[in-house]
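Trainee: Residue-level listing of the chains:
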Amino acid sequence: MPARALSAEPGRSLWLVPTSEDRQTLDDASTCARLLNRMGRVVMLGKPMNDAALAEAFALPFDALVELPWAPGHLAGGRLDAGADAKLVVSVTSRTAHELPVSALFTRCILSRMGAPLPNAADLETAVHEAVINAVIHGNLGLDSLNSTDVHKLEVFIKSLAQRLEDSSLSMRRVTLAAGWTDDDVWIQVADEGSGFDVTAARTAPEADGASGRGVKIIETVAHKLEYGDGGRCACFWMSRRQGPSS
Amino acid sequence: MNYTATPDSAGRMEVALKGRFTFSDYSMFRNMLATMEESGKKAHILSLEGVEFIDSAALGMLLIAHDEAKRLGWTVALRRPQGQVKRTLEIASMHSLFPIEA
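Residue numbers (the working numbering), protein chains in the order written: chain A, 1 to 247; chain B, 1 to 102.
Certain hints may be false.
Stated by the list, open to error - DEER-style ranges, computed between Cβ atoms:
no.	chain 1	residue 1	chain 2	residue 2	range
1	A	Gly-40	B	Leu-72	32 to 42 angstroms
2	B	Gly-73	A	Ala-52	19 to 29 angstroms
3	B	Glu-38	A	Pro-119	22 to 32 angstroms
4	B	Asp-8	A	Asp-85	45 to 55 angstroms
5	A	Ile-158	B	Gly-11	46 to 56 angstroms
6	B	Gly-73	A	Arg-113	47 to 57 angstroms
7	B	Leu-72	A	Arg-113	14 to 24 angstroms
What the hints assert, rightly or not - Think about it this way: if two alpha-carbon atoms lie no more than 25 angstroms apart in a straight line, the pair counts; the simulated DMTMM-like pairs of lysine to aspartate or glutamate are:
no.	chain 1	residue 1	chain 2	residue 2
8	B	Lys-41	A	Asp-150
9	B	Lys-42	A	Glu-99
10	A	Lys-217	B	Glu-90
11	B	Lys-18	A	Glu-56
12	A	Lys-159	B	Asp-8
13	A	Lys-87	A	Asp-184
14	B	Lys-86	A	Glu-56
15	A	Lys-217	B	Asp-8
16	A	Lys-153	B	Glu-49
17	A	Lys-87	A	Asp-150
18	A	Lys-153	A	Glu-227
19	B	Lys-18	A	Asp-185
Calculated directly from the structure, the hints in this document are not laboratory data. Even for Gly, the Cβ is constructed at its ideal location relative to N, Cα and C.
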């Protein structure tokens with residue numbers, strides 16, 4: 001189904017994907033677009049949310065892509081307005097980030113907007129994806145790491161994950177990705193709405209020997225710098241556009 | 001991600017994985033392990049040639065397969081990881097746990 005252009009004026013556009021005639025959805029989209037005033041070209045994602053709708057939305061020339069429902073204060077730390085130098089912002093629910101290839105599409109979008117090829121393009125998707133996993137699983141859904149390779153523990157973990165994805169108070173928490181770049185580097189910020197974590201303790205913890213806990217190490221390996229803010233709810237990493245993979 | 005399991009010419013169970021192998025695949029992976037167990041084979045190959053992307057959650061699942069194989073007296077090898085998959089396996093030093101066939 002084609003994207004619906006709700007409004008268009010110089011430097012400012014609003015699309016709704018997929019097209020909807022539902023009055024409430026249209027009102028929500030228009031309200032959100034006004035709140036996102038700084039971002040000139042906005043895509044609102046309605047329902048049903050699936051692979052095709054997401055791919056269609058990412059193909060539009062947007063500055064911000066926001067899954068509905070969205071309300072003021074429902075975005076981690078008001079982050080949509082925070083990154084003044086962000087060139088691209090995507091905010092989706094944890095359910096969507098879990099079920100659909102958001103990090104792959106976000107990364108492809110960055111690479112396409114930057115123009116010049118990135119020497120470590122595959123590493124960029126790896127790092128974005130790892131930050132999204134942490135934001136969804138440990139941040140918004142509040143699941144502990146799977147610190148075991150026991151199959152029975154895996155079954156318990158699968159059950160807990162399914163239960164938490166069914167709990168809309170958790171699965172509707174948002175993951176917000178922002179990106180910006182210069183000629184020298186690209187930065188990515190991934191924020192969640194969970195309880196955060198003790199960054200110092202996590203970084204000095206022994207190396208993981210269970211089935212979880214390798215994501216941060218992978219980001220630290222492929223990125224040139226990784227920082228946390230907002231009590232662990234916001235990860236930000238930088239990758240060079242000039243050097244090859246960092247290891 | 002999806003997978004197909006077929007015996008290879010050497011009598012091993014070859015499980016060919018295809019697509020993105022990520023944190024969305026825990027349930028599928030549990031089914032895959034059950035398929036391997038039900039096959040009655042003692043030697044298993046996880047073919048990664050068709051896997052286009054892998055994440056740390058999937059690495060964890062491979063470790064579960066490794067430890068389950070050890071417990072049941074199986075062998076498990078990985079076959080032909082490519083591109084991002086190969087690099088991520090290297091970062092996680094998975095070659096120290098699994099034979100990796102070219």
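Trainee: All hints, please: hold or fail.
Mentor: Evaluation of the provided hints:
1. Gly-40(A) - Leu-72(B): 32 to 42 angstroms: Roughly 58 angstroms apart at Cβ, these two residues miss the hinted range, so it is violated.
2. Gly-73(B) - Ala-52(A): 19 to 29 angstroms: Once the Cβ atoms are compared, 46 angstroms apart, the range 19 to 29 angstroms for Ala-52(A) and Gly-73(B) is violated.
3. Glu-38(B) - Pro-119(A): 22 to 32 angstroms: violated (45 angstroms)
4. Asp-8(B) - Asp-85(A): 45 to 55 angstroms: Since the Cβ atoms of Asp-8(B) and Asp-85(A) sit about 53 angstroms apart, the hinted range of 45 to 55 angstroms holds.
5. Ile-158(A) - Gly-11(B): 46 to 56 angstroms: violated (31 angstroms)
6. Gly-73(B) - Arg-113(A): 47 to 57 angstroms: holds (52 angstroms)
7. Leu-72(B) - Arg-113(A): 14 to 24 angstroms: violated (49 angstroms)
8. Lys-41(B) - Asp-150(A): Between Lys-41(B) and Asp-150(A) the Cα gap is close to 20 angstroms, so the pair holds against 25 angstroms.
9. Lys-42(B) - Glu-99(A): violated (34 angstroms)
10. Lys-217(A) - Glu-90(B): holds (13 angstroms)
11. Lys-18(B) - Glu-56(A): At roughly 24 angstroms apart (the allowed maximum being 25 angstroms), Glu-56(A) and Lys-18(B) satisfy the hint.
12. Lys-159(A) - Asp-8(B): violated (34 angstroms)
13. Lys-87(A) - Asp-184(A): The hint holds at about 15 angstroms.
14. Lys-86(B) - Glu-56(A): violated (30 angstroms)
15. Lys-217(A) - Asp-8(B): violated (36 angstroms)
16. Lys-153(A) - Glu-49(B): violated (29 angstroms)
17. Lys-87(A) - Asp-150(A): Outside the cut-off at roughly 43 angstroms; violated.
18. Lys-153(A) - Glu-227(A): violated (31 angstroms)
19. Lys-18(B) - Asp-185(A): Since the Cα atoms of Lys-18(B) and Asp-185(A) sit roughly 33 angstroms apart, the hinted pair is violated (cutoff 25 angstroms).
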